[in-house]
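Full structure from sequences and hints, please.
Listed below are the residues making up each chain.
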Amino acid sequence: MTKLTDLTVAGIRDGFRAGDFSAREVAEGFNAAVAGAKALNAFIVDTPDHALAAADAADAARAAGDAAKPLAGVPIGMKDLFCTKGVQTTAASHILEGFVPPYESTVSGKLWEAGAGMLGKLNLDQFAMGSSNETSYFGNVISPWRRSDGGNAAMAPGGSSGGSASAIAARLCPAATGTDTGGSIRQPAAFVGISGIKPTYGRCSRWGVVAFASSLDQAGPMARDVRDCAIMLEAMSGFDPKDSTSLDLAVPQWEAGLSSDLKGKRVGIPKEYRVEGMPAEIEALWQQGIDWLRDAGAEIVEVSLPHTRYALPAYYIIAPAEASSNLARYDGVRYGQRELPEGANLQDMYAATRSAGFGPEVKRRIMIGTYVLSAGYYDAYYTQAQKVRTLIARDFAEAWDHCDLLLTPTAPSAAFALGEKMADPLAMYLNDVFTVPSSLAGLPAMSVPGGLDAGGLPLGLQVIGRPLDEQSVLNAGLALEERAGFTARAEAWW
Amino acid sequence: MSSYRIQGATGDWEVVIGLEVHAQVTSHAKLFSGASTAFGSEPNTQVSLVDAAMPGMLPTPNRECIRQAVRTGMAIDAAINKWSRFDRKNYFYADLPQGYQISQLYHPLVGEGTITVQLDEKDPESPVKAIGVERIHVEQDAGKLMHDQHPTRSYVDLNRSGVALMEIVSKPDMRSPAEAGAYVRKLRSILRYVGSCDGNMEEGSMRADVNVSVRKPGEEFGTRTETKNVNSVRFVMAVIEHEARRQVDVLEAGGKIVQETRLYDPDRGETRSMRSKEDAHDYRYFPDPDLLPLVLDDAFLAECRASLPELPDPKRRRYETELGLSAYNAAVLTAEVETTRWFEALLAECASQVTAKAAANWLISDLFGALNRLGRDIADSPVSPAQGAELLALIADGTISNTLGKQVFEIMLETGQGAGAIVEERGLKQTSDTGAIEAEIAKVIAANPDKVADYRGGKDKLFGFFVGQTMKAMAGKANPGVVNELLKKVLG
Chain A
1 MTKLTDLTVA GIRDGFRAGD FSAREVAEGF NAAVAGAKAL NAFIVDTPDH ALAAADAADA
61 ARAAGDAAKP LAGVPIGMKD LFCTKGVQTT AASHILEGFV PPYESTVSGK LWEAGAGMLG
121 KLNLDQFAMG SSNETSYFGN VISPWRRSDG GNAAMAPGGS SGGSASAIAA RLCPAATGTD
181 TGGSIRQPAA FVGISGIKPT YGRCSRWGVV AFASSLDQAG PMARDVRDCA IMLEAMSGFD
241 PKDSTSLDLA VPQWEAGLSS DLKGKRVGIP KEYRVEGMPA EIEALWQQGI DWLRDAGAEI
301 VEVSLPHTRY ALPAYYIIAP AEASSNLARY DGVRYGQREL PEGANLQDMY AATRSAGFGP
361 EVKRRIMIGT YVLSAGYYDA YYTQAQKVRT LIARDFAEAW DHCDLLLTPT APSAAFALGE
421 KMADPLAMYL NDVFTVPSSL AGLPAMSVPG GLDAGGLPLG LQVIGRPLDE QSVLNAGLAL
481 EERAGFTARA EAWW
Chain B
1 MSSYRIQGAT GDWEVVIGLE VHAQVTSHAK LFSGASTAFG SEPNTQVSLV DAAMPGMLPT
61 PNRECIRQAV RTGMAIDAAI NKWSRFDRKN YFYADLPQGY QISQLYHPLV GEGTITVQLD
121 EKDPESPVKA IGVERIHVEQ DAGKLMHDQH PTRSYVDLNR SGVALMEIVS KPDMRSPAEA
181 GAYVRKLRSI LRYVGSCDGN MEEGSMRADV NVSVRKPGEE FGTRTETKNV NSVRFVMAVI
241 EHEARRQVDV LEAGGKIVQE TRLYDPDRGE TRSMRSKEDA HDYRYFPDPD LLPLVLDDAF
301 LAECRASLPE LPDPKRRRYE TELGLSAYNA AVLTAEVETT RWFEALLAEC ASQVTAKAAA
361 NWLISDLFGA LNRLGRDIAD SPVSPAQGAE LLALIADGTI SNTLGKQVFE IMLETGQGAG
421 AIVEERGLKQ TSDTGAIEAE IAKVIAANPD KVADYRGGKD KLFGFFVGQT MKAMAGKANP
481 GVVNELLKKV LG
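Protein chains in written order, with the numbering used here: chain A, 1 to 494; chain B, 1 to 492.
One should not assume that every hint holds.
[Said to hold, decoys possible] Lysine-lysine pairs mimicking BS3-like chemistry, simulated, CA-CA at most 25 Å apart:
1) Lys451/B x Lys489/B
2) Lys89/B x Lys242/A
3) Lys489/B x Lys443/B
4) Lys363/A x Lys89/B
5) Lys387/A x Lys451/B
6) Lys429/B x Lys406/B
7) Lys171/B x Lys256/B
8) Lys82/B x Lys129/B
9) Lys82/B x Lys387/A
10) Lys242/A x Lys82/B
Rather than coming from a laboratory, the hints here were simulated on the basis of the structure.
Rendered as structure tokens:
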């Protein structure tokens, strides 16, 4: 029999309903996997009791003959950006170390409501700022993958949802929550060979999610396959009156709507995404993806997104601008860390608290954001970036006149080794070049594994869809998944 | 009044005044959270997770606060912006939990409007002046620091944090302390009519930032200073007088006015520098990404407009034309919404023979006189409109004279009894019994033969003496009309 920890969300759900195993067995299996994988540093806090309690409730309900909840018997990992009632929530920062929210984020609450249990709080780049998971106060997350060149360099799992990515790839949890501001679900999913979808901005409530850049942040699921993403997304989405940017729409039945038949769909290939210096393997995978979608019945067309090259600079103005303001609340006054040097006044306390509480990347972005919003520079940077954002959204809107979906690579390279890019923030930011434009436009986008590079590391393909058309995105993802037949997994070394 | 001038050694100076009034919106919940807004609660008992800026908390606009600001805009004939937007004003302070205040710098909810003031509020015939309102925007209030509770620490009370304020920004249209005072009073009156702010300056629900500059008449605007958080009409006027005088003195001594923020010290009656422009904040305003732009639809605007009461100016005109009240009485009765409400309740209780004029006169002279004496507001008048109406009816139908009416009213104030009962119990009914009156007149004439002779010799003024004597003899209960008539007949 397959190990329970190798099952997908759907596999666990269906097996539990069929009585093949108990929810407690599943939770215990994953709890043991989490406990045995400390070397990956994927979790900041383990919550085995939470997982067991949900499992016992599911088992009791099944014994009582109650209808099973959608995620009954399924334990998951929770990115530590989601506030969880009674469980430490830090955003991987020192400044929130020890902070235990007396409230539950809407998304995590919905997942518990759906029957899921929590295995623990997953590590991430500090305040979700980073593309390699090297900015966490709690240490780097390590990818379960190793290059096939015989070297044992520790690989970056991508970021910011690196803990989620690493934990799923290593079978520490069947699925996890992620958040995506400029690619933080899709890029790590690509780096570790799993699937992840960022839905349309407004699908998932941001209430109770520690804010990075409010106009971009969006929660989404990460899992091993497309079906699991659909199941998880259904449970996470929905209107929330506590978030005024939340969309007041019914949640579609995405899992039931899954179909890899793309007849009648037109898939656009944006020519501007062929960036200079892109590895031939990425180019080849992209071509492979085009062939797979054609094989699934789609018509392939070339489209133009002319403002693509301005997306990254605009993103690295808008996101830090919002972050500099959103992170002002961490001032040592009400909660979290406080540094009070001898004889300090209020200003001294702020400075000392924030100096000690934030890591270098967070500080860098706060400084950038403060600068671009300051009097005299606002128009040159922030206003200009917002105009670019409008143009990028218009590019996509015009592309939808010619096609229903877009296919691109997820990231410009496979995973890199930890430490490789930390010295060069610009090189690090370039990782997001393919994921950022759709974030700026608020579009649904997903990454699915397409194959391995020469070094044996996973590569991802990205599907971008029209606003609210997650179904088409998932369906195209499924078509790619079926054809890619991606079964590679990291050998357990941890 | 607009000729208000500061005399300086180098000639006369004109003062230019603009006011930013912060008015706390009357609503049960804060601008972006469901927390209560009751005044005077224990520290930090009215603070939601949103108000404390806990991680992941998001603001959601409170419809009632928006509605009140829109109604206020409509009441001053202002342009209502169907599309407005919230901005963040970023600065660090311990009473500002988010590290920013949500306000509306770029796209306010309400655009330009006008408030018309009477240049001399005591004189309804005096000229009126229209003072421009630049804008009204809604924003969050901050919490407050408490410094005197601990030897080395300050405490933070977030009860007020997130409470909705309307910032009502005037144009620099005022030219004297009196105009500014009239503007604040009129604005407060309108807010109370509309019900969008209780206008209670002592409790801080209304406070003003006073911008003052001086110039030689006809010249360009001078550099201004801003005196923050002035919390009474009297202080607003005092700030202007002091600050204008100070600026004139500085300028005449060859100095320059520094654009700065000042504080008013009511104990010393002077303003002091708080911070200069040099260390002014860079607020880094930008659109709040947690909130979508505010878009108002026609139905909402129609509902706001339909819910507006009759406002002081149209009401005053109506009192003059429809009720036939004097300009002065109409102005007095409409100045404060409580007075108007009381007056209209009184009219509603009055029987048909009581004229609005009589009711107005009684309210303004008798009731206001009594309230002044007792140190009470009309809102807690010891006499109800129904009781007042009963009294007025007794006067109107001739049961008691005006003079008796005053006596009865005094007894009503003392005992709380109704006018009818008092008249009945104490036998204060006025008599028109000509027989009884004629008998008393005869006695008066018999007792004063010399005066009768003088009167008949042409001293007409003595008529009042005979009336007085007769009334006195009748213990005030005689119908004065009948007395007059009979006296004329007897005296020839």
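Each hint, compared with the structure:
1. Lys451/B x Lys489/B: 16 Å, holds
2. Lys89/B x Lys242/A: Holds. Lys89/B to Lys242/A sits at ~22 Å (cutoff 25 Å).
3. Lys489/B x Lys443/B: Holds: Lys489/B and Lys443/B sit about 15 Å apart, inside 25 Å.
4. Lys363/A x Lys89/B: Holds: Lys363/A and Lys89/B sit about 20 Å apart, inside 25 Å.
5. Lys387/A x Lys451/B: Roughly 98 Å between the alpha carbons, so the hint for Lys387/A and Lys451/B is violated.
6. Lys429/B x Lys406/B: Distance ~13 Å between Lys429/B and Lys406/B Cα, so the pair holds.
7. Lys171/B x Lys256/B: Holds: Lys171/B and Lys256/B sit about 24 Å apart, inside 25 Å.
8. Lys82/B x Lys129/B: Roughly 29 Å between the alpha carbons, so the hint for Lys82/B and Lys129/B is violated.
9. Lys82/B x Lys387/A: Satisfied, since the Cα-Cα distance of roughly 23 Å is no more than 25 Å.
10. Lys242/A x Lys82/B: It holds: about 23 Å lies between the C-alpha atoms, which stays within 25 Å.
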